[in-house]
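*Asks:* For reference, the chains in residue letters:
Number of protein chains: 2
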Amino acid sequence: MTYDLLSGVRIIESSAFIAAPLCGLTLAQYGADVIRFDLIGGGIDYGRLPCVPGGRSIYWTSLNKGKRSIAIDIRKPEGRELLQALVTAPGDRGGILLTNVPAEFLSHRTLSLRRPDLISCTIEGNSDGSTAVDYTVNCATGYPMLTGRGSRDAPVNHVLPAWDVACAYQAAFGLTVAIDARRRTGSGQTLRIALSDVAFGVMSHLGLLTEAALRLPEREAIGNDIYGAFGRDFVTSDHQRIMVAAVSLRQWKALVQACGLTDAIAAVEGAVGVHFDQEADRFEGRAIISGLIQRFVGAKPFATIAESFNRSGVCWGLYRSVSELVSEDSRVSAANPVFTQIETPGVGAHLAAGASIRFTQMPRGQTSPAPLLGQHTDEVLNEVLGLSSASIGELHGRAVVAGPERDPWRSTATAPPVS
Amino acid sequence: MTYDLLSGVRIIESSAFIAAPLCGLTLAQYGADVIRFDLIGGGIDYGRLPCVPGGRSIYWTSLNKGKRSIAIDIRKPEGRELLQALVTAPGDRGGILLTNVPAEFLSHRTLSLRRPDLISCTIEGNSDGSTAVDYTVNCATGYPMLTGRGSRDAPVNHVLPAWDVACAYQAAFGLTVAIDARRRTGSGQTLRIALSDVAFGVMSHLGLLTEAALRLPEREAIGNDIYGAFGRDFVTSDHQRIMVAAVSLRQWKALVQACGLTDAIAAVEGAVGVHFDQEADRFEGRAIISGLIQRFVGAKPFATIAESFNRSGVCWGLYRSVSELVSEDSRVSAANPVFTQIETPGVGAHLAAGASIRFTQMPRGQTSPAPLLGQHTDEVLNEVLGLSSASIGELHGRAVVAGPERDPWRSTATAPPVS
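Chains as they are written, first to last, in our numbering: chain A, 148 to 566; chain B, 148 to 566.
Be careful, since some hints might not be right.
Because identical chains cannot be distinguished in the list, a pair is counted as satisfied if it fits within a single copy or across any two copies.
Below 20 Å or equal to it, Euclidean Cα-Cα: the simulated SDA-like pairs (lysine to any residue) are [to be verified]:
#1 K223 - S254
#2 K447 - L465
#3 K400 - L361
#4 K447 - R362
#5 K400 - R240
#6 K223 - S538
#7 K447 - A232
#8 K447 - D300
#9 K400 - G194
#10 K447 - Q387
#11 K223 - T487
#12 K447 - E367
#13 K400 - T278
#14 K223 - D151
#15 K400 - G272
#16 K447 - T235
#17 K400 - V248
#18 K223 - R458
#19 K223 - R553
#20 K447 - G407
#21 K400 - A163
#22 K400 - E228
#23 K400 - A496
#24 K223 - V248
The set of hints was computed from the structure by calculation and includes no laboratory data.
Based on the sequences and whatever the hints tell you, model everything.
*Replies:* Next up, the structure:
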């Protein structure tokens, strides 16, 4: 874990895909004991792409860093009973379930009979219980028709599963709030969070829904231009592409100065009758501004532009591929305390992000890798449920639970690291 | 507020743009008293697009719902002193600053002299303090080269400020964790959260950074296809575009059944030697699968497809514009408890989202609209600092503070609603 802040909090995670595991990861990195339950041999996302060639899923191991893993066969009544016991085990910071895989034996109603102060958080597609994933919610937001040169006939989906990500962090926030509320009131809480509500909620908070409801002129796709202010991409004489933003007045003045455009901008303002100090005028006049800036940027090599922009305090960035980000950007390196080198069994040695927030008055811990499936089965059954070695051995014997020996990638995990 | 969960928590917000205001909004909707400080007449984002024609910013009013507003002239020493006093005022759930606008007089070091157990949360561009906004971070992630038909020469920026959104919710989570930690230890906390760390952290958690570091084949832009599983957009015979996802095995089987493709898929599997029950094979064979599904979808009108897909439990969604979402999708309507009709001064009557999480055991409150600038100046100075009416009057007289009469949109705000 990165920070010992949520110590004592124990969460049982029954999950798949992105939103729920990322929520659990967040809680784990801030100190909670997140015990991820999986089927023996792995759930539906245990082998999800990308994978190490012939080996483990980088997707799964990335989303499950620092959790404990218990493998249980929930097709057996004894397995279901064990999982229920784990969720409802005593402890004033325990009794918490995080799931996106609804099952009657893990329903709030069922579990709260055993522990009335249960906190459960269920992530769902739509709030009516119908299925939806990030992609089938996103198509309804209107964003694909506004992205790039997207249109009704050629919408452009986002690739980042942004609604899953927003959902995960809201769920982590909500669980923390619920834990605090239970401490004060003694009452459990049932949290339900629908991906569609997350998406449309964000759109309400960003003003898009009200803009449309008031029948303001409909937005159109404007490529890489920033809506409402000034910003877009430019290409240097040596074919490097950069993104430039002038959202604040200070950023705008820095940009004009760096490009030597003070007189030109003043002349345009006078001739056209606009005030580019005002954000809305910059947006309206963005084609003119972009033309002037491209003349400057396109005439000089990247190194010159970078030096000039940095000296003037321009807000800008270089376009990179993921490979370039990893190999060339110092923000993704061990020089950044958010990242540390870890060794994931079956994947190898690689950088991994801990908590993105820096609590600068606290020691920052190491980032822990993902477990093998069932790596903590025995210790969890002993610690949380107080089962004896003999009882645990019997559960193994009846194939109700399993340890890491049943992880299908165990052999790759014990081989020398890949990288 | 939606839920009375963070009652007693008092946060002073000094912010602009998206991440910090959205963090404050989140805390306010879950019951915190979020007091947003603004300059008299408004800060740099008070008039940000989109705006009601001749009226207030829909952007600003959407991001500041349910907060209290105090307008202070911080160019005057007295104004700075007032703001410091507000942040450091007594109360075991007070003493919390949320900002993305660093200023020495509001630095943790300065403020903690007055209140050693201060909690401050600073949202920044890069962790070295250099400027960055969502757009100038996003260009470095590699996502624009993977979006739509994006490439190195024609990257496609996302339009949703996804990193701002992810940052906001993480910051709300972090502040809640810090409040809990202070209660237990008595110690204040300094939280710093860089937009670039949020973005690259998410990319680490989703596996993209490790995939690139291990030099797996670089991902390419694949349009609207879902990476790693099966899903993409299809067009019905009456030109409706839908997004279909088969991420889980159940979703895949439902899709095959709904499209009457059981035999065709089995034949392809046999002929090509793949197993589409496996996610990775579906991804690899997505062109074949898509061709078969488009034949089915393209031959029938939308109503038939929708009925058939719903009956079989296919995971799918309709592409909509923002206007269509608002006018046609019941998930954005008063039928959804997340949304309620509110009246925002100067904007009019419109639907607005409260908390996206549903705490189903708690009463759900009304969503409060954004304040006028300085609407709560007097009550905050009285309640939090205990100033008398006479003292507050003197502050007004010296133009150190202002009430809503100095809101530039006050006249539109008191006019009849627009819609």
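*Asks:* Each hint should be assessed against the structure and marked as holding or not.
*Replies:* Status of the hints after comparison with the structure:
1. Only within a single protomer do K223 and S254 lie at most 20 Å apart by alpha-carbon distance; the minimum there is 17 Å, versus 57 Å between protomers.
2. For the homomeric pair K447 and L465, the shortest alpha-carbon distance inside one copy (15 Å) is at most 20 Å, but the shortest distance between copies (46 Å) is not.
3. With identical chains, the CA atoms of K400 and L361 are never at most 20 Å apart, being 33 Å at best within one copy and 42 Å at best between copies.
4. In the homo-oligomer, the alpha carbons of K447 and R362 never lie at most 20 Å apart, since the shortest distance is 44 Å inside one protomer and 32 Å across protomers.
5. When the C-alpha separation of K400 and R240 is checked against a cutoff of 20 Å, the pair qualifies neither within a copy, at 52 Å, nor between copies, at 40 Å.
6. Taking the closest pair of Cα atoms, K223 and S538 come within 20 Å of each other only inside a single copy of the chain (16 Å); across copies the shortest separation is 72 Å, beyond that limit.
7. Taking identical chains as interchangeable, the C-alpha atoms of K447 and A232 are never at most 20 Å apart, the minima being 67 Å within one chain and 50 Å between chains.
8. Within a single copy, K447 and D300 get their C-alpha atoms only as close as 38 Å, which misses the 20 Å cut-off; across copies the closest is 18 Å, which meets it.
9. In the homo-oligomer, the alpha carbons of K400 and G194 lie at most 20 Å apart only across protomers (19 Å), although the nearest pairing inside one protomer, at 51 Å, exceeds that limit.
10. Proximity of K447 and Q387 under a CA criterion of 20 Å is satisfied intra-copy only: 10 Å inside one chain copy versus 47 Å between copies.
11. Taking the shortest alpha-carbon separations for K223 and T487, neither the intra-copy value of 40 Å nor the inter-copy value of 45 Å comes in at or below 20 Å.
12. Within a single copy, K447 and E367 get their C-alpha atoms no closer than 32 Å, and across copies no closer than 29 Å, so neither meets the 20 Å cut-off.
13. With identical chains, the CA atoms of K400 and T278 are at most 20 Å apart between copies only, with a shortest distance of 14 Å across copies and 49 Å within one.
14. Proximity of K223 to D151 under the C-alpha cut-off of 20 Å is found in neither arrangement, the shortest distances being 36 Å within a copy and 41 Å between copies.
15. Taking the closest pair of Cα atoms, K400 and G272 come within 20 Å of each other only across two copies (18 Å); inside a single copy the shortest separation is 45 Å, beyond that limit.
16. Taking the shortest alpha-carbon separations for K447 and T235, neither the intra-copy value of 65 Å nor the inter-copy value of 50 Å comes in at or below 20 Å.
17. Taking identical chains as interchangeable, the C-alpha atoms of K400 and V248 lie at most 20 Å apart only when they sit on different chains, with a minimum of 18 Å there against 52 Å within one chain.
18. Proximity of K223 to R458 under the C-alpha cut-off of 20 Å is found in neither arrangement, the shortest distances being 66 Å within a copy and 30 Å between copies.
19. In the homo-oligomer, the alpha carbons of K223 and R553 lie at most 20 Å apart inside one protomer (17 Å), although the nearest pairing across protomers, at 68 Å, exceeds that limit.
20. For a Cα distance limit of 20 Å, the shortest separation of K447 from G407 inside one copy, 13 Å, qualifies, whereas the shortest one across copies, 59 Å, does not.
21. For the homomeric pair K400 and A163, the shortest alpha-carbon distance between copies (18 Å) is at most 20 Å, but the shortest distance inside one copy (48 Å) is not.
22. In this homomeric assembly, K400 and E228 never come within 20 Å of each other (Cα to Cα): the closest approach is 65 Å inside a single copy and 30 Å across copies.
23. In this assembly of identical chains, K400 and A496 lie within 20 Å of each other by CA distance neither inside one copy nor across copies; the values are 45 Å within and 37 Å between.
24. For the identical chains of this complex, K223 and V248 are intra-copy neighbours only, at 17 Å inside a copy versus 56 Å across copies, given an alpha-carbon limit of 20 Å.
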